[in-house]
Each structure stands twice: as structure tokens, then as C-alpha cells.
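Trainee: Residues per chain, in single letters:
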Amino acid sequence: MITLSIDTKTIQVAPDTNVLKAALDNGIHIPHLCYHPDLSISGGCRLCLVEVEGQDQPVLSCGLTAAEGMVIQTQSEQLTELRRGVLDLFISDHPLDCVVCDKAGSCTLQEYAYEYGLKETSYEPTVSSALFQDDNPFFLRDHQYCILCGRCVRVCDEIVGVHAIDFANRGFETNIATPYDGPMIDSTCVFCGNCVQVCPTAALMPVSRLQRGREWDLDRTLSVCGYCGVGCQIEYATKDNAIIYAQAPEHGAANGTFLCTKGRYGWDFATSPERLKQPMLRRDVAHKLGLTEEPWELPETSPLDIRNPNVEQYFVPVDWDTALEFVSSRLSEITESHGPDSIMGLASARCTNEDNYLFQKFMRAVIGTNNIDHCARL
Amino acid sequence: MSREKLDQIAEKEQARQSQFDKRIHCCISTACLSAGAGHTIQTLRDSVEAAPTGDEVEVVQTGCMGLCSRGPLVRVQEKSGEEVYYADVDSECAEELVAKTVSWDQAQAKQQKLSSELQTVRARLETARRKRSLKKHILSPDMPFFTKQVKVVLRDVGYVDPEKLEDYLAHGGYEALHKVLTEMSPEQVCDEMLNSGLRGRGGAGFPTGLKWNFVRREQSDVKYVVVNGDEGDPGAYMDRTVMEDNPHQVLEGMMIAAYAVGANHGYFYIRAEYPIAIDRIRGAIRAARRHGILGKSVLGTDFSYNADVRIGAGAFVCGEETALIHSIEGKRGVPRMRPPYPSTSGLWGKPTVINNVETFASVPAIIKEGADWYAQIGTEKSKGTKVFALAGQLTNTGLIEVPMGITLKEIVYEIGGDVPGDAEFKAAQTGGPSGGCIPNTHMDTPVDYESLQELGSIMGSGGLVIIDSTTSMPEFARFFMDFCVDESCGKCVPCRVGTVQIRTLLDKIIEGRGEPEDLDKLEALCQLVRSTSLCGLGQSAPNPVLSTLRFFRHEYEALIPTNA
Numbered sequence: 001m002i003t004l005s006i007d008t009k010t011i012q013v014a015p016d017t018n019v020l021k022a023a024l025d026n027g028i029h030i031p032h033l034c035y036h037p038d039l040s041i042s043g044g045c046r047l048c049l050v051e052v053e054g055q056d057q058p059v060l061s062c063g064l065t066a067a068e069g070m071v072i073q074t075q076s077e078q079l080t081e082l083r084r085g086v087l088d089l090f091i092s093d094h095p096l097d098c099v100v101c102d103k104a105g106s107c108t109l110q111e112y113a114y115e116y117g118l119k120e121t122s123y124e125p126t127v128s129s130a131l132f133q134d135d136n137p138f139f140l141r142d143h144q145y146c147i148l149c150g151r152c153v154r155v156c157d158e159i160v161g162v163h164a165i166d167f168a169n170r171g172f173e174t175n176i177a178t179p180y181d182g183p184m185i186d187s188t189c190v191f192c193g194n195c196v197q198v199c200p201t202a203a204l205m206p207v208s209r210l211q212r213g214r215e216w217d218l219d220r221t222l223s224v225c226g227y228c229g230v231g232c233q234i235e236y237a238t239k240d241n242a243i244i245y246a247q248a249p250e251h252g253a254a255n256g257t258f259l260c261t262k263g264r265y266g267w268d269f270a271t272s273p274e275r276l277k278q279p280m281l282r283r284d285v286a287h288k289l290g291l292t293e294e295p296w297e298l299p300e301t302s303p304l305d306i307r308n309p310n311v312e313q314y315f316v317p318v319d320w321d322t323a324l325e326f327v328s329s330r331l332s333e334i335t336e337s338h339g340p341d342s343i344m345g346l347a348s349a350r351c352t353n354e355d356n357y358l359f360q361k362f363m364r365a366v367i368g369t370n371n372i373d374h375c376a377r378l
Numbered sequence: 001m002s003r004e005k006l007d008q009i010a011e012k013e014q015a016r017q018s019q020f021d022k023r024i025h026c027c028i029s030t031a032c033l034s035a036g037a038g039h040t041i042q043t044l045r046d047s048v049e050a051a052p053t054g055d056e057v058e059v060v061q062t063g064c065m066g067l068c069s070r071g072p073l074v075r076v077q078e079k080s081g082e083e084v085y086y087a088d089v090d091s092e093c094a095e096e097l098v099a100k101t102v103s104w105d106q107a108q109a110k111q112q113k114l115s116s117e118l119q120t121v122r123a124r125l126e127t128a129r130r131k132r133s134l135k136k137h138i139l140s141p142d143m144p145f146f147t148k149q150v151k152v153v154l155r156d157v158g159y160v161d162p163e164k165l166e167d168y169l170a171h172g173g174y175e176a177l178h179k180v181l182t183e184m185s186p187e188q189v190c191d192e193m194l195n196s197g198l199r200g201r202g203g204a205g206f207p208t209g210l211k212w213n214f215v216r217r218e219q220s221d222v223k224y225v226v227v228n229g230d231e232g233d234p235g236a237y238m239d240r241t242v243m244e245d246n247p248h249q250v251l252e253g254m255m256i257a258a259y260a261v262g263a264n265h266g267y268f269y270i271r272a273e274y275p276i277a278i279d280r281i282r283g284a285i286r287a288a289r290r291h292g293i294l295g296k297s298v299l300g301t302d303f304s305y306n307a308d309v310r311i312g313a314g315a316f317v318c319g320e321e322t323a324l325i326h327s328i329e330g331k332r333g334v335p336r337m338r339p340p341y342p343s344t345s346g347l348w349g350k351p352t353v354i355n356n357v358e359t360f361a362s363v364p365a366i367i368k369e370g371a372d373w374y375a376q377i378g379t380e381k382s383k384g385t386k387v388f389a390l391a392g393q394l395t396n397t398g399l400i401e402v403p404m405g406i407t408l409k410e411i412v413y414e415i416g417g418d419v420p421g422d423a424e425f426k427a428a429q430t431g432g433p434s435g436g437c438i439p440n441t442h443m444d445t446p447v448d449y450e451s452l453q454e455l456g457s458i459m460g461s462g463g464l465v466i467i468d469s470t471t472s473m474p475e476f477a478r479f480f481m482d483f484c485v486d487e488s489c490g491k492c493v494p495c496r497v498g499t500v501q502i503r504t505l506l507d508k509i510i511e512g513r514g515e516p517e518d519l520d521k522l523e524a525l526c527q528l529v530r531s532t533s534l535c536g537l538g539q540s541a542p543n544p545v546l547s548t549l550r551f552f553r554h555e556y557e558a559l560i561p562t563n564a
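If you're matching them up, the sequences are chains D and G in order. All letters in the first sequence, in the order written, are residues 1 to 378 by the working numbering. All letters in the second sequence, in the order written, are residues 1 to 564 by the working numbering.
Among the hints, a few may not be true.
Here are the simulated PhoX-like pairs of lysine-lysine, each with C-alpha atoms no more than 25 Å apart in a straight line [unchecked claim]:
1) G/K508 x D/K119
2) G/K22 x G/K135
3) G/K350 x G/K331
4) D/K119 x G/K521
5) G/K331 x G/K296
6) G/K368 x G/K5
The hints are simulated quantities; they were obtained by calculation from the structure and are not laboratory data.
Starting from the given sequences, assemble the full structure and let the hints guide the process.
Mentor: Below, the structure written as C-alpha cells:
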């Protein structure tokens with residue numbers, strides 16, 4: 001371990017830790033916009049400057065490896081002056097329409113402008129790009145808010161491994177683009193939305209969030225994604241019992257700060273009127289079991305018409321015991337009359353590995369068949 | 001190929017050259033070519049062929065002779081070594097020059113049948129014999145432009161045919177490489193560089209020997225050497241000239257570096273706007289490979305080396321070493337933070353030596369003549385010579401090589417021949433968009449790394465623009481700021497947005513809309529961009545503004561309307 005001092009606090013970190021991480025992990029905040037703990041170092045935002053004892057000039061803490069005995073100052077008049085100057089340049093190229101911005105309250109640039117008392121830019125406001133791209137149903141790209149921190153480019157390349165976007169043009173004209181600036185759908189993008197999650201400003205925003213309330217209006221519920229067995233932690237931002245958007249919480253045990261497209265955008269089922277919330281038995285079966293009084297006959301056409309799933313017309317809600325009792329009795333009957341190989345089990349990718357293991361064990365040991373398969377093979 | 005065989009080639013070439021009584025050198029470097037040297041050399045060749053006694057004369061295509069403003073330049077070299085320079089040699093002048101150079105001695109007349117075209121040329125030569133206009137083309141060898149220069153890097157430039165390996169060998173080429181491979185250890189080579197005091201000629205002036213030693217000490221199976229030929233300062237063309245006019249010299253320097261640090265592969269990174277340099281470096285690589293100078297067994301030793309060319313895509317920032325590395329790797333050419341420095345993690349993460357073309361071109365001479373010889377040229381901290389592209393409002397502009405420590409005064413008034421017309425010398429701008437303006441009040445300043453830095457400028461790669469009293473300094477500063485705005489890569493905010501805001505302020509001031517506090521605001525913004533930018537481009541981008549604000553503040557103040 002390496003011992004260094006940051007703002008008179010003695011801190012121990014593992015070798016090869018950068019000073020910014022060392023500070024952040026120990027509750028000392030140094031302003032930063034391009035740094036993200038899970039991504040490579042860029043050094044483009046120039047905000048995380050610190051003073052190092054024995055060095056004349058302030059250095060970027062994200063690019064500074066902690067060394068034994070290092071003495072770091074994260075706050076000083078000089079540093080405030082430099083950071084304020086850099087932020088002033090940032091906001092000269094950024095619309096200051098925070099009063100109507102959906103990101104207000106969770107925008108890092110806004111937070112720093114507040115912290116450093118920048119009401120407006122002292123330079124000539126000049127927004128470099130007014131490009132607005134809403135070419136997909138998941139997220140918007142509003143370039144006037146982009147501060148070119150490059151987190152989206154790095155997350156797409158380094159974490160997702162897709163590299164659908166990168167910097168295009170140069171200098172003041174630089175913007176983030178797909179190859180030849182084609183529509184997102186024609187790029188290699190998988191719409192995982194991790195770029196949206198790491199974006200510090202309103203340049204990348206979930207479509208579902210627009211005009212639906214600001215950070216302080218939203219409730220947050222921590223949950224586990226049900227799409228597969230990985231068990232990613234997911235945080236639903238809701239308002240009036242409706243999901244506004246989903247994102248990864250700060251430190252999910254399985255997923256860190258990232259999610260895939262299903263977890264992030266595939267949550268509309270939660271409030272769908274078609275969602276099944278309890279077991280149901282077909283009306284004719286229910287009648288035979290004496291659960292309903294009206295007799296009912298299965299029509300010629302399948303009741304499982306996905307375009308018109310008139311569930312209540314065909315099914316009766318029952319409790320779990322009744323449902324399981326029925327399934328178990330039918331399985332026993334069929335096994336006895338037609339043999340175990342007349343039954344087949346199909347497991348689901350939405351179950352955990354443990355569940356899938358138990359399921360095949362059940363099919364083999366209890367039912368007595370090797371007819372077991374998995375939806376992931378389809 | 002062994003050393004002996006190369007010696008044989010060199011001797012054969014020397015013997016061939018000594019057959020001629022006179023050799024006519026014609027510059028075919030970019031500046032002279034664009035002034036019509038292509039026609040000139042063709043006329044020279046045709047005329048020598050058509051002349052009744054042309055066998056004693058050889059027309060040689062060579063590189064830059066320096067006085068580019070008077071091109072095309074031609075030099076006639078006698079067997080005795082005596083030389084006469086001719087300036088502004090167009091086709092007509094070239095005919096007269098040949099007519100006056102060949103002997104017309106009937107006894108030595110060639111036995112040949114002339115084609116009808118050559119008969120016309122012969123007829124023109126007969127007329128040209130009687131003309132008397134050649135004298136005004138002669139440049140006096142006593143001109144300070146020639147006498148004040150000390151040539152180390154450009155020693156053979158202008159004498160050697162850049163497309164002929166034999167000619168380079170005849171001028172002692174690859175002797176230095178052979179010396180290091182057979183007589184010196186890599187450590188000795190690095191020490192020799194260190195002792196010579198050679199500092200990086202790209203502008204920053206880092207000691208070359210120190211840099212090589214860092215790479216030499218790195219433990220790695222693969223190391224690289226990269227020649228930075230992405231010269232981009234407006235008006236500067238030192239590196240282009242050396243690559244175009246003596247490509248083997250750069251290759252030899254690069255190979256010596258490779259041996260010194262333990263690299264077996266290297267790249268020339270040349271900007272795409274230098275097509276002739278690219279062609280000639282490629283030609284040199286092919287010729288060296290054919291002669292066993294490049295490849296598995298360099299000059300018959302155990303050392304193996306290969307070099308290749310990578311072409312830049314038009315970004316000034318790719319002259320910055322980390323951006324250059326990204327560009328070679330096929331990535332976007334943007335700089336990254338250092339450390340790690342390329343000497344520990346460079347091209348493809350391997351230890352890499354990156355030096356400027358001129359630095360490598362200085363190496364063969366240092367090895368041949370010795371570190372002590374080199375160290376005696378120049379000043380205490382800045383050794384050797386520096387090549388400058390002398391441009392701007394001067395009588396003589398072109399490419400010069402001067403000892404470090406020479407004063408600006410000598411360069412402007414003696415070598416440059418003063419500012420033409422009634423105007424006066426006002427300031428010298430060094431280091432291109434990263435440099436600053438030095439006013440005439442400091443013209444006794446010695447030109448070395450430290451002195452220039454003290455004045456808020458830098459040595460830079462060698463651009464030297466002379467400004468006369470008719471030029472507005474705020475407008476001059478805005479020109480360079482425009483350049484930086486265009487060339488900023490956009491990675492860090494101080495450079496990306498700061499340069500745009502500096503230009504906006506300059507526009508405001510120059511257009512007469514400035515307010516009294518704008519100058520302080522401009523200065524503060526320049527300081528911010530300088531101290532917070534990521535790479536050298538951004539850090540030095542405000543220099544032209546800061547230095548003109550320092551020395552010519554009154555010109556800015558005069559543009560601000562006073563509150564009536």
C-alpha cells in the first residue's frame with residue numbers, strides 16, 4: 001500500500017492508483033467531468049487540477065499516480081481560479097437554459113457552475129454545435145449540451161466493445177458522431193444506453209424522461225433486473241407510480257455502473273395492462289375442478305392469440321396452491337399413462353443458473369426424462 | 001552488403017565525378033521547382049548535350065542551396081573546388097550559362113549527330129555565347145548570406161543528388177553508421193550524443209543523448225524509432241528540405257539512433273503535403289534495402305533494421321509526439337497526457353525514440369567528427385547549429401544554418417540583407433504559432449533555447465519570420481490565433497474553446513469595438529489557456545498574443561476607442 005496525504009488527510013491506496021480516485025474513494029471531492037472510475041483516463045476536461053508539494057505547476061490528479069509520501073492540496077486560491085476559468089470556458093459553449101432543462105439537478109456541469117459561482121460566462125457565448133438527433137426510440141443526442149468529455153465514446157469502446165461513436169471533425173467543430181454521421185440504427189450501436197448513463201450533461205437523454213419531471217421530483221427504487229440470471233442491480237426512477245427511466249445504481253455487485261438494453265429500456269411491461277400477476281386456469285379446467293359454476297368449452301381457435309389476448313374470457317385467476325396442485329396432478333397422470341418421455345421441459349434464460357440446474361434435476365429425477373432444453377438454444 | 005563493397009561504389013562514383021572539369025548543380029527542391037527549376041534543369045541538360053564540347057561538364061540535380069527567394073539556383077563547381085552561384089536562372093539564362101561554361105574547344109569536339117531539336121538548341125547556344133546578361137545573375141560568394149552560415153546539417157544538402165545513393169556514399173555517407181556498428185557500444189553512442197550537447201530540434205530542446213539513454217535502458221523485446229517529419233509551422237520548411245535533399249542523411253541518423261537504443265524497426269512520419277519528401281525518403285529506403293544497408297544484416301553486421309513511411313493526414317497537432325503515435329497506430333490524432341512518455345510507452349506501448357528530422361540529420365556528422373567538435377559550435381547550453389527558414393519582409397529569404405548564439409541582428413541585417421524599401425525591421429517571430437515576437441530592441445539577443453524563452457518566445461522547429469514596420473502586431477497575432485483555432489484537436493477545453501474566445505477578443509479589438517478592460521481580459525485568458533491546456537499546442541497557442549501584448553501593447557491600446 002502507498003501512503004499519501006490529501007488535504008492533510010492521510011490516505012492509503014493500492015499501488016498504481018491515481019490521485020483523483022484516491023481522493024474520491026476517501027470522500028474528498030475534486031471536480032471532474034471527463035474522468036469516470038470505470039473508463040480509461042482522458043485528461044481533457046482540465047478540472048481535476050491539484051497542487052503537489054515540490055512541483056511548481058498544478059497537475060491533473062486523474063493522470064497522477066499516487067506515490068509514497070506525496071502531499072496533495074485539492075483546494076487553494078490558485079486552483080479555484082484555474083477551475084473557475086476552465087468552467088467559464090465550458091459554459092461559454094453550453095446553453096444556460098437550466099430552468100427548462102430535464103437534466104437540472106443531476107447535471108455535473110450545473111453542479112460545478114453553482115459550486116464556483118458562475119452565473120453566466122464572462123466570454124462571448126458561442127455554442128459550437130446545434131445538431132439535434134432523435135433518430136432512435138431510446139435516447140436523444142442534443143449536441144448543444146455536449147461538452148466533449150468523451151465518456152460516451154470510451155464507454156462504448158472500452159466497456160460495451162462496440163465503438164459505435166467517436167469524435168468527428170476537430171477543434172471547435174468537434175462533435176460525437178456515428179461513422180459518417182449516419183443514423184444510430186445503421187451504426188454498430190446496440191442501444192445499451194451506457195453512454196446516456198455516463199453523460200454528465202443533457203447531451204444524451206432517455207426519450208422516456210423528457211418533460212416528465214426533474215431529478216428532485218423522482219422517487220428511486222433499487223431492484224434486480226429480471227431479464228436474465230446475472231442479477232444486475234437496477235434503479236428505477238419513478239413518479240406517481242410510473243417508471244420514468246431506469247439506470248444502473250452506482251455500484252451494482254454484478255454490473256457495476258452498467259446495464260444492457262433490456263434492463264435499461266425494456267421495462268414497459270411493468271405497468272402494462274396485459275401483465276399477468278397471478279396464476280390462471282383455463283375456464284373448462286376450472287369448471288371440472290368445481291372452481292366455477294358456468295360450463296365452458298374450448299373454442300376451435302386457440303385461446304393464445306397473441307394479437308388479441310383476451311385472457312379473462314378464457315382464464316380464471318386462481319391461487320398458487322391450486323395452480324401447483326393442478327400441474328403436479330396432471331404431470332403424474334401423464335407420466336403414468338404415457339410414460340415420462342411424453343413430457344418435455346423448457347427452461348428459461350430469465351432463471352438463474354441455480355434455478356435452471358434444479359429444473360433439469362426435477363425433469364430427470366422426478367419426472368424421469370432427459371427431454372430438457374433451454375430457450376437460449378432456440 | 002559489406003562495407004568494402006560500399007566503399008567500391010563510393011570510389012567508383014568519385015572517379016566518375018572527377019572526370020568532369022565542371023559540374024553544374026541545379027536545385028530541384030520544392031522552392032526552386034515551384035520557381036521553374038524543372039525547366040531550368042531540362043534546358044541545362046539539353047544545352048550540355050547540344051554543345052559541341054559538353055563532355056567535360058555534368059549537370060547534377062541537387063537540393064537546396066539556401067537563397068530560395070532567388071531561385072531557381074544553379075552552382076557551377078570547378079574541378080579546383082571553386083564555385084559560382086547563379087540566381088533566378090530561367091531557361092534563357094541557363095542556355096547562356098552553359099554557353100559560357102563549355103569550352104567550345106574544337107579539338108575536344110564531340111563526334112555526334114544532333115537531332116533536329118538539339119540543332120535548334122545548338123543554334124540558340126551560339127547566340128547565347130554573345131549575350132552579356134549572365135553577370136547580373138551571379139551571386140557573390142562573399143555575400144554574408146553565405147559567409148555567416150555554418151553548415152552541419154545542410155553540409156551536403158545542395159551538393160548531393162538526393163535520388164542517388166552512390167552520390168551520398170561518395171560524400172562519405174553511411175561511414176558514421178559503419179563506425180557505430182563496428183567500433184562503438186550503444187552506450188557509447190548515447191554518451192557521444194550527450195557529450196555533443198545536441199538538443200531536440202523540434203522545438204522543446206530536450207537533450208537527445210538523455211532521451212536515447214532512457215529508451216536504451218528500457219527492458220523490452222521491441223522498441224521503435226520514429227522520425228517526426230510532420231513539420232507544420234507556417235513558413236517553416238527545414239525538415240522538408242533535409243528529407244527532400246539528402247534523405248539518406250536522415251535515414252543514417254535514424255539507424256544510428258536505432259542501434260543506440262536497441263530498436264529494429266522505425267517509421268518516418270511525414271505530412272501528406274510533402275509529396276516530394278515522401279517520394280525521396282521512400283526512394284532512399286528502397287535504395288538502402290537494395291544495397292544491404294537496411295534489412296537483416298546491416299552493412300554485414302548482426303544489427304538488423306527496417307524502416308517504413310507513414311503519411312500524416314493534415315493535422316498540425318500530429319507533430320506532437322503522442323498525437324503522432326496515435327496517428328501511426330491508425331487512431332485519431334489527438335495527444336494524450338504524459339507520463340508515460342514515449343520513451344517508456346510509445347508506439348504500440350513500446351519504448352520509442354521520437355526525434356525531429358533535423359535532430360537525426362545532425363547525428364552522422366557528430367559521430368564522424370566527434371562530440372567535442374560539435375560542442376565547440378554554439379553557446380554553453382545550446383550547442384551546434386540550427387537551421388532556420390528565414391521568411392517575411394527581408395531582402396534575402398530562404399534556408400539558413402547558423403551557429404547557436406548568433407544574434408538576431410546578424411541574421412536580419414547581414415544574412416537577411418535588411419528589410420527592403422523604406423520600412424524598418426520591427427520584430428522577429430520564432431517558433432511559428434507556438435512562438436513569440438521579439439522586438440528590434442532585443443536584436444542583440446543571442447539565438448539559443450534559453451534566451452528566446454526568456455523573451456516569451458521559443459526556439460521552435462526553425463520558423464523565423466521577419467516583420468517590418470508596416471505590419472500591425474495585433475493582426476499578426478490574430479493570424480497565428482486563427483491557425484491555432486483551425487488546428488486545435490478539440491480534446492481539451494482550454495484549447496478548443498479558449499483559442500476561439502481569444503480570437504473573438506482579438507476581432508473585437510482589431511475591429512475597433514474593444515473596451516479598455518479587454519486587454520487585461522485577453523491577457524488573463526491567454527494565461528489560463530497556457531497553464532491549463534493538455535499538450536504543447538494549447539500551452540503555447542497564446543504565445544504570439546502574449547509576446548505582442550508584452551512588447552507592442554501600445555498597438556493594442558491604440559485600437560481601443562477612448563471614452564469621449
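Trainee: Quick check: which numbered hints come out false for this structure?
Mentor: Per hint list: single violation, 5.
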